[in-house]
Amino acid sequence: MNAKNRDFLRYIMLFLLFSIGIWQNLSGNIPYGSGLIGGAIGVFIAITFKQKKIRQMEAQGLNIYDERAWFIAGRAAYFTYLTFALGSAFIVLIGSLWGPQILVNPYNFLGICLSVLVLLYICFYYYFNYKL
Amino acid sequence: MNNRLRELREQNGITQEDLAAQVKVSRQTIISLEKGKYNPSIGLAYSLAKVFHLTIEEVFVFEEGKE
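Order-wise, the sequence lines are chains W and B.
Per the working numbering, numbering through the first sequence is continuous, rising by one, with the last residue being 132.
Per the working numbering, numbering through the second sequence is continuous, rising by one, with the last residue being 1067.
Simulated from the structure, these hints should not be mistaken for lab results.
Check the hints yourself; a few may be wrong.
Stated by the list, open to error - Cross-link-like lysine-lysine pairs, in silico, DSBU-like; alpha carbons within 35 angstroms at most:
| id | chain 1 | residue 1 | chain 2 | residue 2 |
| --- | --- | --- | --- | --- |
| 1 | W | 50 | B | 1024 |
| 2 | W | 131 | B | 1024 |
| 3 | B | 1037 | W | 53 |
| 4 | B | 1024 | W | 53 |
| 5 | B | 1024 | W | 52 |
| 6 | W | 50 | B | 1037 |
| 7 | W | 50 | B | 1035 |
| 8 | W | 131 | B | 1037 |
| 9 | W | 131 | B | 1035 |
Please take these sequences and the hints and turn them into a complete structure.
Dropping the structure here:
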């Protein structure tokens, strides 16, 4: 997938989130709807600024997605997987032995897992970017 | 792996940004290479050596046991 298609998909996703936010607001679920709208607008602004900076750098002949960036991304992904797998295994082991039996909403649980993965990846990416 | 990038770049009066643009990488990559924190691919090493009209061996020095 080239950068143009990736950006297009990003904007489609943001538009979907924004639309769901409006729909939720109209349905009376104001906190959820407003959160989605705010998030979509925030991400749109961040992406727009990032794209502008990337275009400026590309105009100077620089390539920010060079081999070092891919190397760091690979390392960050591997350490994210490792930390998440080991952390989950430890929690499952301890929780199944001594933890309370609780029912979990699967959508909330998946959302939390996704947030943890994204946060871990961002942290590892910044760490390796600083180290290398 | 050690390298003479900084020395060669200063000798030729090239800035990190100019060198990065010539080999199509980010300035951060040039900084990492000069500090010896990152080892380049064979393609990048070749491109960097070509900028200074040298061979890869004249720019990058492999030290056994350090890798």
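A quick look at each hint next to the structure:
Taken as a hint, the residue 50 of chain W and residue 1024 of chain B pair is honoured in the structure, with Cα atoms around 19 angstroms apart against an allowance of 35 angstroms. Taken as a hint, the residue 131 of chain W and residue 1024 of chain B pair is honoured in the structure, with Cα atoms around 22 angstroms apart against an allowance of 35 angstroms. Between residue 1037 of chain B and residue 53 of chain W the CA atoms are separated by roughly 26 angstroms; this keeps the pair inside 35 angstroms, and the hint holds. Of the supplied pair hints, the one linking residue 1024 of chain B and residue 53 of chain W holds, its CA atoms being roughly 16 angstroms apart against a limit of 35 angstroms.
In summary, the hint linking residue 1024 of chain B to residue 52 of chain W is supported, as the alpha carbons are separated by about 18 angstroms, within the 35 angstroms threshold. With a CA separation close to 26 angstroms, the supplied pair residue 50 of chain W and residue 1037 of chain B stays within the 35 angstroms bound. Restraint check for residue 50 of chain W and residue 1035 of chain B: satisfied, since their Cα atoms lie roughly 27 angstroms apart, inside the 35 angstroms limit. For the hint linking residue 131 of chain W to residue 1037 of chain B, the alpha-carbon distance of about 8 angstroms falls within 35 angstroms, and the restraint holds.
Between residue 131 of chain W and residue 1035 of chain B the alpha-carbon distance is near 11 angstroms, which keeps this suggested pair within the 35 angstroms criterion.
Going through the hint list in order, the structure satisfies each hint without exception.
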